[in-house]
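J.: Given next are the chains, with one letter for each unit.
8 protein chains.
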Amino acid sequence: MSDTPHSTLDPGRLERQGFPEVIYCEGKTAGQIADNLVALAAANGHAFGTRLPEDRARDVISAVPEACYDPVTRTITLGEPPAEGPGWVAVVSAGTSDLPVAGEAAQTLRFLGHKVLRIHDVGVAGIHRLHARIEEIRGASVVIVAAGMEGALPSVVGGLVSAPVIAVPTSVGYGASFHGLAALLGMLNSCAAGLTVVNIDNGFGAAIAAHRILQSSTPR
Amino acid sequence: MSDTPHSTLDPGRLERQGFPEVIYCEGKTAGQIADNLVALAAANGHAFGTRLPEDRARDVISAVPEACYDPVTRTITLGEPPAEGPGWVAVVSAGTSDLPVAGEAAQTLRFLGHKVLRIHDVGVAGIHRLHARIEEIRGASVVIVAAGMEGALPSVVGGLVSAPVIAVPTSVGYGASFHGLAALLGMLNSCAAGLTVVNIDNGFGAAIAAHRILQSSTPR
Amino acid sequence: MSDTPHSTLDPGRLERQGFPEVIYCEGKTAGQIADNLVALAAANGHAFGTRLPEDRARDVISAVPEACYDPVTRTITLGEPPAEGPGWVAVVSAGTSDLPVAGEAAQTLRFLGHKVLRIHDVGVAGIHRLHARIEEIRGASVVIVAAGMEGALPSVVGGLVSAPVIAVPTSVGYGASFHGLAALLGMLNSCAAGLTVVNIDNGFGAAIAAHRILQSSTPR
Amino acid sequence: MSDTPHSTLDPGRLERQGFPEVIYCEGKTAGQIADNLVALAAANGHAFGTRLPEDRARDVISAVPEACYDPVTRTITLGEPPAEGPGWVAVVSAGTSDLPVAGEAAQTLRFLGHKVLRIHDVGVAGIHRLHARIEEIRGASVVIVAAGMEGALPSVVGGLVSAPVIAVPTSVGYGASFHGLAALLGMLNSCAAGLTVVNIDNGFGAAIAAHRILQSSTPR
Amino acid sequence: MSDTPHSTLDPGRLERQGFPEVIYCEGKTAGQIADNLVALAAANGHAFGTRLPEDRARDVISAVPEACYDPVTRTITLGEPPAEGPGWVAVVSAGTSDLPVAGEAAQTLRFLGHKVLRIHDVGVAGIHRLHARIEEIRGASVVIVAAGMEGALPSVVGGLVSAPVIAVPTSVGYGASFHGLAALLGMLNSCAAGLTVVNIDNGFGAAIAAHRILQSSTPR
Amino acid sequence: MSDTPHSTLDPGRLERQGFPEVIYCEGKTAGQIADNLVALAAANGHAFGTRLPEDRARDVISAVPEACYDPVTRTITLGEPPAEGPGWVAVVSAGTSDLPVAGEAAQTLRFLGHKVLRIHDVGVAGIHRLHARIEEIRGASVVIVAAGMEGALPSVVGGLVSAPVIAVPTSVGYGASFHGLAALLGMLNSCAAGLTVVNIDNGFGAAIAAHRILQSSTPR
Amino acid sequence: MSDTPHSTLDPGRLERQGFPEVIYCEGKTAGQIADNLVALAAANGHAFGTRLPEDRARDVISAVPEACYDPVTRTITLGEPPAEGPGWVAVVSAGTSDLPVAGEAAQTLRFLGHKVLRIHDVGVAGIHRLHARIEEIRGASVVIVAAGMEGALPSVVGGLVSAPVIAVPTSVGYGASFHGLAALLGMLNSCAAGLTVVNIDNGFGAAIAAHRILQSSTPR
Amino acid sequence: MSDTPHSTLDPGRLERQGFPEVIYCEGKTAGQIADNLVALAAANGHAFGTRLPEDRARDVISAVPEACYDPVTRTITLGEPPAEGPGWVAVVSAGTSDLPVAGEAAQTLRFLGHKVLRIHDVGVAGIHRLHARIEEIRGASVVIVAAGMEGALPSVVGGLVSAPVIAVPTSVGYGASFHGLAALLGMLNSCAAGLTVVNIDNGFGAAIAAHRILQSSTPR
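Protein chains in written order, with my numbering: chain W, 1 to 220; chain U, 1 to 220; chain E, 1 to 220; chain B, 1 to 220; chain L, 1 to 220; chain C, 1 to 220; chain A, 1 to 220; chain X, 1 to 220.
None of these hints come from the bench; they were simulated from the model.
Where is the CB? At the ideal position from N, CA and C, for every residue including glycine.
Where hints are given, some of them may not hold.
Over the 10 Å line for every Cβ pair with chain W, so calculated as not near, a few chain X residues [to be verified]:
| hint | residue |
| --- | --- |
| 1 | GLY12 |
| 2 | LEU14 |
| 3 | GLY27 |
| 4 | ALA30 |
| 5 | PRO53 |
| 6 | PRO71 |
| 7 | GLU135 |
| 8 | GLU136 |
| 9 | GLY139 |
| 10 | TYR174 |
| 11 | ASN199 |
| 12 | ASP201 |
Here are some, though not all, of the chain W residues that point toward chain E, as calculated from beta-carbon distances under 8 Å [to be verified]:
| hint | residue |
| --- | --- |
| 13 | ARG13 |
| 14 | LEU14 |
| 15 | GLY180 |
| 16 | LEU184 |
| 17 | ASN199 |
| 18 | ASP201 |
| 19 | ASN202 |
Derived Cβ-Cβ restraints for the label pairs, each shown as a range [to be verified]:
| hint | chain 1 | residue 1 | chain 2 | residue 2 | range |
| --- | --- | --- | --- | --- | --- |
| 20 | E | ASN44 | C | THR29 | 49 to 57 Å |
| 21 | B | GLU80 | C | GLY27 | 28 to 36 Å |
| 22 | U | GLY139 | X | GLU26 | 33 to 41 Å |
| 23 | W | ASN44 | E | ARG138 | 32 to 40 Å |
| 24 | U | ALA39 | A | GLY139 | 45 to 53 Å |
Bound-form chain W, shown alone (with noise of 0.2 Å):
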């Protein structure tokens, strides 16, 4: 009695949107995984998938053994990324439990064919740590920032860079981070101005704000 519809691919996306459709991991079967692998490879050359849990990635890696999967970030990589264009992404994060939310969106950025500098364990308590940093930081053409817990640190480095910020709240925290809203909240209400923040954990979509943002342009 059930019909359920299968989802179907969107060819034109890359089209209108700027960029290839990507695999959305989360309630997918491992077969499907690996078929959408395997057919989105071969019209783009290469493809990609998010939030993978590592006991579906096996089971993924046994059908297509040439994809690359990555435990941490959770993403899996089939195929070569383009040539990495003119511009790149510093993709700074706060402490040890931000790196998969901050890797989820320098994976991201490289299947995309940006080259990506990652900056890490630069927390506002320890804020040295960032000025140590902050002359590397200043070179890219787009800074993505993800921090947990009261998510200061886009601020702070929104008020040292004049790149485009965009900010990643993470569900990092306990108690009263409530998963993620204290930091989302902190970003939203930024004093440094034209910072921009997406979803809790969203490292995908900075990473898609950050491309959008390199190509509809040429770097200094």
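Dock chains U, E, B, L, C, A and X against the given chain W, drawing on the hints supplied.
T.: Chains U, E, B, L, C, A and X only, in chain W's frame:
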């Protein structure tokens, strides 16, 4: 017994963050605003203030008659903006009540020397109105989209253009809109990847975010 | 010492509310569900249950092998539905993850003797997909629209059709979706007038609402 | 320097959505409202506005003396409504303070050419009052129920009638009613299946929802 | 290095607050619960525990075989309750899923020596079921009403009886019930005057409140 | 065109719920209040109204000079209360700002013929003040405790007396008190068993709850 | 009929809690405030009040001309403060709008005999301003940090000093700051260990907390 | 393809913030924890970790057998703490379930070389228990008070002592405690002036705050 200190100017902001100081008029007296306008115009050639209520604006204009006040966006300008740069920004809004927020973004962009195209009254309940304008929007280097109520317009725009899209939730609505919370949550959860979001009614912040993008690159 | 009472059947519901009793399987044992199915089918000619997890469904099927279980919508049916009435319902959904909720609505409608057209994968980030199907949707007597994340699809549909539109927020999303709250608020604040909303993930309730409309009238 | 644009009429709405444009007076001047009334009445034969405060209404009436203002529902009407159609709507309300919202629904329905029966003061704390009127209510093609505080009335009505029931939470209450949130949540979680809900205080939206039902069908 | 202290008995509670100590089993081991039951029964003649999961109950029963466990209400009793006093309590519940909470109240009352009448399955969506039992309920000295979802039942009961009514919101529901918040808010905002409310799922607290009423007075 | 109906009296309430109708003055004109007072006093021998602002009270007193208004509790009384019954109520409050709410409870109880003892200024930050009065409080048949801010006083009182304790959160506080929400949550989560709670600032409801207790029993 | 009681002085507070009574002026008349000032100054040698609006202050000064009112912090003082103790407090604030709250803390500290250093305008978006002052701050025995918007300043300060840091969220901000909630959550979730937090806008409470620290110890 | 970086030690923290680095074990593997313990003990003479679940602790102890694990507070210690300083801290808790949080504070303080007095089971529903211990508590230089549910204990303690009081809300409770939110709000709104608050369940943070106080001063 009071020793309440006064705020000080921040001459290094332009160098650090890439945009000159702007006067946030809420909580300032007409005299303070007038002094700030004159001082900043003397330093930078022009000056700009936001969130200036109409009655206080009259007193400011009395003191600085060459300043220009716009009652819809509640902004005030003194001096000529810089020559327009090469890229331009589309400022798209959903309904009539969103115009003050969208206008604050537009006025801020003009103050910073950017060309702006206003597209209004294209809310998603009459989606044909957006389709009629979408080709124009596609020419922009950056797109700012302001919407209240359910805040759905940025999702639709984000699916139709490849440029960076900055979503501005407005406090337009009543009841379960909770003063813009519904629109804010809608934009953060957009199914169009790569949108970024600023605080409720923060047209100024959206403009600065667009400025960060434009100044860090040469548009295509 | 326990004297916990048992639930009782409500034979008058059909007369009062216009639809037969349905089994809400959450919190019931397989044995209770099987007994209920048999008793209701004996009384009404057919029986229907919702929210039945797959593992418990196996035990129910063992006891009542002629029952039919659908794992996507987690519904179970026993006996033939009544002959289809003259009007029909379009059940529209935004993304793949919304299919279980949309499907629960569709299965409930079929159990109640209504024809259903499923339209899926027409989320607002690729609005052309909706336009390709809108003429079909316009033929429906009632339209049910299920969407998670920002929940914008009902607003767009509501602006394109004149039939009653019942919006179903789903708990699809993460972070600031707050388990469907973002979609719920979006739908309640829709700029398309005359939408009505049911509880998060309540496909069943949307179907009963559609049934109330269809049975109180003769469609055009 | 201001270039704030003006709102434009949407002549195709009647065809697309099945009801003529209505003036939402909040945030409009008396002059704008008067102009809109005259223009819409010229186009459609009659015109209607909601959310018009009493003091601004006086100015509108000065400009358009043949318009008719109702201070309880804060609605204004110009011209005769269309002839009444065959079905009719019961508009049921719980307490005296819910009358403005219920009345907004009733006035909107009359403007759209529907017959309305008002049933008031039947809150659940005196359930006998509802029972005395329930046979009348059962004759309606659609039932709108407005209630504040705990918002329980729609659940009781929904269990007693088979017609479509549209629940309107009102902001009536204090303390933990949180401006209608308690009533809204109560209605969304109703144990009476097939209720649908609109935004807090949205009598207008409930009326349009009823209109969508009535116009898409011929009542029994 | 650990010096974590142990909890101590509070022998004076009966005198101060009028009821003996009861074991809240959540977070206690089977051994601690067994020891507490034996010690309290030795002191008071009987003992009682709440919130005891079924698997841990088995170990408690192994250690104290004469104890009696009720799996629906998750309560355990050791020894005979005192002779019943003159007044009695009606424990009314809306749906099948509310039975554990209503049952916890009933078991607690019996432990304290009060006669209880259980009335169940009288939710407001089938209000005739309540009317059939209301005369019985009117004979009670105190009425406890447990309901989840929209939590409307106490309002209706409170309008029909003059005895004290204690409302217990339950966490039954899904989506926008937010684990009992909708029912809690509904009960706090009841239009029936003089209802009082306890915490979500707090059948025990409702019983103690009823006990405070019964013991401070001689029923009519 | 307006047909807004008027509210009607509910003569059977006394029999059904055990207390006469009381006028909730919010949203009523001085004329309506005056009429209601006179009508209810004619029917019941005395009449009572709550939530009457001082300026409107002046107009009511002009129309009904024998009525008596209390500006602190914002209540109005006409006629003599009934003779006092045997039990009495302690109305305990934490701080000076809680007096209006506690006073509303006291005035309502007097109107209903109950003796009241007021105990004030015994907040938990100076717990010795409560200890000095606790023996008096222990003599009451019912204890009402009003407190704002953290709302801790009912917990302490509930641990010291065996009578029924009705907790009234007040909206006293600022910042994270969220208009009484902090006090409300504190009271619902009290570690003193058997407290019951009414809505924020609902002194009237607490009094009716006490009345329900007193009238259903003969105090010890 | 009114018997509303009056608040009483608490002469033992100084001994119990270590600080004299302070007048919270909100909700008190000018006459009551004047009486309290005079009475407390007579008892303690000096008196102090907070949250006194400017218009009411004029009436207080008329009655007690030797009192001194500070309009920015809305505090009033009568008599000389005690001689300054050995330790001192740094009161640090982020933006101009935070000055009233920081000033309330400073005035309270001076009233209690503590030396204060004000550091202002050192918000995190211009972190160099904080670095220029950090050596001064490090000399303090206690540091109070007031900030609104995202409330990040205490985290940065807490990472740079070893003294006790008391964070005061202010209600400065708009939109998703939710009247100080964003700053409050940020401070509670600070990644700088050992920060403590007081209520939104509670400069007075922060000062008392600092006083508790200073008086229980001899600073280094 | 993964280049996820590793966390780095922060050797300067002791100098900047006055306390050595502590291992937050949540999200770290047993191997990482063991390595960190050994490295920090080598650098500082002793090491300490918090939030270590019991099963993972077994693996850490296998690798570092001389480490000492406390299962109630889930802390681990390696090496001897420093000699005790002159002041000491009272760690007061309300109920048995608050012991893990209070214990985390106590263990952290001992690791930092501070003497601790534990006072437990003194919740406000049996206030005599607190009075029996209050003289002991008055001798402390700092008082930490941990409580869940309504979180009232710090208010009572704060009114009885003049030392600094640090309130720790715990997540103990159910229903409307919302995982510690009720206790947190209660403590932030305390009527006892000068309390400060840390995050929910943050016993560690409370201990560091006490350490900041003790080290910046010589206790009386």
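J.: Each of the hints needs a verdict: does it hold here or not?
T.: Checked hints:
1. GLY12: 8 Å, violated
2. LEU14: Non-interface label on LEU14(X) holds, nearest chain W Cβ at 12 Å vs cutoff 10 Å.
3. GLY27: 5 Å, violated
4. ALA30: About 16 Å separates ALA30(X) from the closest Cβ of chain W, which puts it past 10 Å; holds.
5. PRO53: Label holds. Min Cβ-Cβ 14 Å, cutoff 10 Å.
6. PRO71: 19 Å, holds
7. GLU135: Correct as stated: the minimum Cβ-Cβ distance to chain W is 32 Å, above 10 Å.
8. GLU136: 29 Å, holds
9. GLY139: Given a closest Cβ separation of 30 Å, the condition holds.
10. TYR174: At about 16 Å from chain W, TYR174(X) clears the 10 Å cut-off, so the statement holds.
11. ASN199: Its Cβ does come within 10 Å of chain W, the nearest being 4 Å, so this is violated.
12. ASP201: Its Cβ does come within 10 Å of chain W, the nearest being 5 Å, so this is violated.
13. ARG13: 7 Å, holds
14. LEU14: 12 Å, violated
15. GLY180: Nearest chain E Cβ about 6 Å off; hint holds.
16. LEU184: 6 Å, holds
17. ASN199: 4 Å, holds
18. ASP201: 5 Å, holds
19. ASN202: This interface hint holds because 6 Å falls under the 8 Å limit.
20. ASN44(E) to THR29(C): 49 to 57 Å: 54 Å, holds
21. GLU80(B) to GLY27(C): 28 to 36 Å: 32 Å, holds
22. GLY139(U) to GLU26(X): 33 to 41 Å: 50 Å, violated
23. ASN44(W) to ARG138(E): 32 to 40 Å: For ASN44(W) and ARG138(E) the Cβ distance comes to about 36 Å; the hint holds.
24. ALA39(U) to GLY139(A): 45 to 53 Å: The hint (45 to 53 Å, Cβ to Cβ) is violated, given that ALA39(U) and GLY139(A) are roughly 33 Å apart.
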